[in-house]
Every structure is written in structure tokens, then in C-alpha cells.
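Read top to bottom, the protein sequences are chains A and B.
Per our numbering: the first sequence = residues 1206 to 1473.
Per our numbering: the second sequence = residues 1206 to 1473.
Watch out, some of these pointers could steer you wrong.
For chains that are exact copies, the list does not tell them apart, and a pair is met inside one copy or across any two.
[To be verified] Below are the DSSO-like pairs computed for lysine-lysine, each with C-alpha atoms no more than 30 angstroms apart in a straight line:
#: 1; residue 1: 1291; residue 2: 1422
#: 2; residue 1: 1407; residue 2: 1334
#: 3; residue 1: 1436; residue 2: 1291
#: 4; residue 1: 1456; residue 2: 1334
#: 5; residue 1: 1208; residue 2: 1456
#: 6; residue 1: 1422; residue 2: 1246
#: 7; residue 1: 1251; residue 2: 1398
#: 8; residue 1: 1355; residue 2: 1291
#: 9; residue 1: 1208; residue 2: 1407
#: 10; residue 1: 1291; residue 2: 1323
#: 11; residue 1: 1407; residue 2: 1355
#: 12; residue 1: 1456; residue 2: 1422
#: 13; residue 1: 1246; residue 2: 1323
#: 14; residue 1: 1436; residue 2: 1246
#: 15; residue 1: 1398; residue 2: 1291
#: 16; residue 1: 1208; residue 2: 1398
#: 17; residue 1: 1355; residue 2: 1251
#: 18; residue 1: 1456; residue 2: 1398
#: 19; residue 1: 1334; residue 2: 1208
#: 20; residue 1: 1208; residue 2: 1436
#: 21; residue 1: 1208; residue 2: 1375
#: 22; residue 1: 1323; residue 2: 1208
#: 23; residue 1: 1456; residue 2: 1251
#: 24; residue 1: 1375; residue 2: 1422
Hints are computed from structural coordinates only; laboratory data are not their basis.
Values in this document were obtained by computation on a predicted structure and should not be read as measured data.
Residues per chain are reported as follows:
Number of protein chains: 2
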Amino acid sequence: MGKLLRGRNDEYGGVIVHMDDEAMDPATFISSLASSLAVWKLQGKKGVWLRLPIQRANLVEAAVQQGFWYHHAEPHYLMLVYWLHKSAHTLPENATHRLGIGAFLINQNREVLVVQEKGGQYGGTGVWKLPTGAVDEGEDIYAAAVREVKEETGIDSEFIEILAFRQIHKSFFQKSDLFFLCMLRPLSFDIQKQEQEIEAAKWMPFEEYAAQPYAQKYEFLMYLHDICIAKIDGNYTGFSPIPTTSYSVQKSYLYLNSTEAPKRYSKL
Amino acid sequence: MGKLLRGRNDEYGGVIVHMDDEAMDPATFISSLASSLAVWKLQGKKGVWLRLPIQRANLVEAAVQQGFWYHHAEPHYLMLVYWLHKSAHTLPENATHRLGIGAFLINQNREVLVVQEKGGQYGGTGVWKLPTGAVDEGEDIYAAAVREVKEETGIDSEFIEILAFRQIHKSFFQKSDLFFLCMLRPLSFDIQKQEQEIEAAKWMPFEEYAAQPYAQKYEFLMYLHDICIAKIDGNYTGFSPIPTTSYSVQKSYLYLNSTEAPKRYSKL
């Protein structure tokens, strides 16, 4: 019988094993894993989570041979799972969405901040677009919008509202995508464009921007531009971020219609 | 020199290899992979995506030895990546967020639909909660809300609005979480609770629900309940889903403030 693997219990009747500490050969690992699974089964455990750092890639095949399957992976580790119980498994799904932002900023002349991208779908096409980018892992949506504007154009800005968002599916392998159209107020106006990704950046009359063939091509974009115009004219309210605490320690942001929300928020 | 692996080009100067077709031993694979990398490098390729179905778990260690690292995994495959170019890699990040919904439904007596869960953090506590659940991969947010209400309580409903949403980080391993508070209109009123996860379900006076110690414990929940009351009283507007097309073929939903949005939407 193999030496038992060290696991810690989770809150859902399962076990989590991190194979971080010591190197192990596959034969020893199979023996230990088989013995451990037998013990956990007797203990009535349900799910088993096995975290293999990339340095333990030599153990992946052995775990799969024992009946484990993949749950998720990050650059430095692979998480595998196994279900010991006779009931159907209730292991939670992996992350399903990526998030992106588009930033809408106008100056005092009703000009919108736009960029031409060097690469991607619109590289070399001469199309002027709103600055866009991905929300990084662990980043707040509003912070991503401010960061992308600064990175691409050098403009400092203050976040105002999420004006609208779109959900699309199968955007990246099987994953879905949420795109947030964000309104920001510029705090500086001199453009310093980023060299690596941005071909050009400028302030452009909004009507000229919206009249481009690109902007007329997709119903989705025309909707977004209508919202932008309504916002410029003071006839639209989106969602603003409000800091709050969800659990005892965790700070997070709630996005809501703050002009209509109860008084409780107005002090924030 | 090993036989070259068959790859197809992607739009970003990279190569994608699917190892689905034939079984291969690790030694043959290493030889083929090394030869292929040399050829792709000469061709000026940048990123290499290597998709190993779980049946090819025997090749994971070999790929890692060649310098590949993990990008993401799903139950049936592991995706590894390699960067051939001298520039910093620009490979896109993995999915970063999971999505969840909470459903707010009231009947004509100003009673709110609530459940007691069997498991999880509130199992056995007697706490009455709004129905909640995860948005499945590939599922629209509004559809997830309607589905969860039906599954947990048997109530048919029509989606009205997203009232607010919250973003929290490190909710599930390193992944973030978006929770959408959704308002739905009940189309039926007789509760048929789900056996597996739900201990009890009922219509409960909203004030009684909001007065529970649980509902007073977190600032976040008090905010949500204030919004619910404002909505009941007709003083709040959230985001409604509008069907649209983003690219030539893809149907998707845009969530926006439809009461203030331009006329273009009102026909939808």
C-alpha cells in the first residue's frame, strides 16, 4: 500500500491535494494515489481536487489513468478532479467569461477620443475606434477602463458610468465575452499614444467618428453610438460603481443606477 | 528529423495543433515537436497552441520538457502554448470570470419569492434567500435567471431587468465573480420546489425577508434590498436585454437602460 497523500478538507465534503512540495516518480504516485482514494472513499469524501504544478507534469498521465479528469489550468499548474461518491458530481464549473471594455471620452468640443490599432482585425484599415482592452484577472472593470485609456493614449480620466454591456458566446474557444461600454471624463487632453499597439490617436468630432463605414456595419455599434449621443445630450443614465463590502473583509464594487438609487448611496 | 506535426495558421501569426487523431508515444512526439518548432520558427511564427485531448495525457510531460506551458484546460483537453518570437508574448489570457444571478420576483401581494437551500453556506440555517445560481457556459444572463427560478421553485417567469451587479475577486481559486441581481415578473404562482438542493420555498412579505439578520449582515445585501424596494415603488430603472447582431451572423444581447435609450430600441 502506497504512502497516503496529504490533503486538506474543503467545505463541500471534498479533499484538496497540492503536489507542490516534493518530486515523485509516476509509479510511486500511482500507488499513493490509489491508496489515498480508497481511504477517502471509506471516509465518505465526494470530490477530490488534485493540483499538479507544471514541474509535476510527469504525474498527469498517472492521474488520468486513475480516473481523474481536467478541471482547469493556469500557466503554472493543472487542476484535476475525481468524484468518489455515487451521486452525480456537483463540482463547480470553471471560469466561463472574459471581460473587455470600450472607453467613451469626449472633450469640451464634443470630440471623442479615438485610436487606430496596429494589429488585430482593424490593423492597417484606417478605422478610428474607441479605445478598447481586456479586463485583467483580478482587476475592477472601472479600473481597467481608466488604465486602457491611459496606456493607449496617455489621457488621464475619471470613471463615470457603464452605459451598456453585451454578452457574446464562443468568442474565445468555448468561452463567452462581456463587453462593457464605459463613459469616462477626461482629466487631461494632450495625447501621448502608445507605440506598440496604437498606430494613431486623436480627438475627432463624434458625428465624423459615427459616420465611418465601420461604425455603420454592425447593429451593435449603431446602438452603442446612439447611447453615446443620448449621454452627451444628458438623456441617459448607466450604472456607476459603488464601493461596498460583501463579506467581512472583502471590498468590492456594486454597479447600479445611482441617480435613481435610494439615498443611502448618495453619500458615497 | 521527426515527422512534422500538422498545424493550421491562426489570424495572429501563430499555429494551432490539435493532437486528436492518432495515438503517439512520447519519444516520437518529442522528435516531431522539436522539428516542427524549428520549421515554424524559420517561418516567423509567433505563438504555438497545442491541444492535447485527455486521451493524449501521455504527451503532456514531453510538451512541457520542450518549453510549453499551460494555457487552459477543460474536462476533455489541455491547451498548452509556446512562444517562438523574440518579442514579449501577446497570447490572450484565459477566461477570468464566473457569472451568477440572483432572482427578485414579487407577486401581487408584495411578497417576494424566497428559498432555503439544503447545502452550502446557508444549509440548515433557516435563512430565506432569493433564488440564486450560476450562469452556465454559453448561456445568456437573462436566460439563466429564468431557468434557475423554474428549477428551484417551479415558477414560470419573464425577465425584466438587471437591477445591479457586483464584481468580486478571488472568489474561486484566482478567478473573479460577477453577480447580477435580476428582476423577473412571475407568470405562475404555485411553487413546486426542487428536491435536491432546496429545503423550502415560499412567497414571503418583502419587509419580513429584508428584516432577517442574514439580510442585515452585509452592506452589499442591504444595498440590493434598497434597490428592490425602489423598484417595487416604481423609482428605479436597471438594464434590459435587447437582441442585436454583433457580427454578420452572431446573435447576442445588449443590456442597457431601455427607458432612456433612443427610440431605435422601442420597437424591439
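Status of residue 1291 relative to residue 1355 across identical chains (alpha carbons, at most 30 angstroms): between (54 angstroms within a copy, 26 angstroms between copies)
When no copy is named, should residue 1407 and residue 1355 be tagged within, between, both, or neither for a Cα gap of at most 30 angstroms? Answer is within: at 13 angstroms inside a copy they meet the 30 angstroms cutoff, but 50 angstroms across does not.
One pair to classify: residue 1246 and residue 1323, alpha carbons no more than 30 angstroms apart. Within, between, both, or neither? The answer is between: 23 angstroms across copies meets 30 angstroms, while 56 angstroms in one copy does not.
30 angstroms Cα threshold - placement of residue 1334 relative to residue 1456: Only across copies: residue 1456 and residue 1334 sit 22 angstroms apart there, 33 angstroms inside one copy, limit 30 angstroms.
What label fits residue 1334 with residue 1208 when the C-alpha limit is 30 angstroms: within, between, both, or neither? Neither: 60 angstroms inside a copy, 44 angstroms across copies.
Is it within a copy, between copies, both, or neither that the alpha carbon of residue 1208 lies no farther than 30 angstroms from that of residue 1398? neither (59 angstroms within a copy, 46 angstroms between copies)
How do residue 1208 and residue 1456 come out at 30 angstroms by Cα distance, when the copy is not named: within, between, both, or neither? Classified as neither: same-chain Cα gap 42 angstroms, cross-chain 54 angstroms, threshold 30 angstroms.
At 30 angstroms max between alpha carbons, let me know whether residue 1456 reaches residue 1251 within a copy, between copies, both or neither. neither (32 angstroms within a copy, 39 angstroms between copies)
Given a CA cutoff of 30 angstroms, do residue 1291 and residue 1422 count as a within-copy pair, a between-copy pair, both, or neither? neither (53 angstroms within a copy, 37 angstroms between copies)
Reference check for the pair residue 1456 and residue 1398, CA-CA at most 30 angstroms: within, between, both, or neither? Intra 33 angstroms, inter 34 angstroms, cutoff 30 angstroms: neither.
When no copy is named, should residue 1323 and residue 1208 be tagged within, between, both, or neither for a Cα gap of at most 30 angstroms? So residue 1323 and residue 1208 fail the 30 angstroms test inside a copy (56 angstroms) and across (36 angstroms) alike.
Status of residue 1436 relative to residue 1208 across identical chains (alpha carbons, at most 30 angstroms): neither (66 angstroms within a copy, 59 angstroms between copies)
In summary, the numbered hints that this structure violates are 1, 3, 5, 6, 9, 14, 16, 18, 19, 20, 21, 22, 23.
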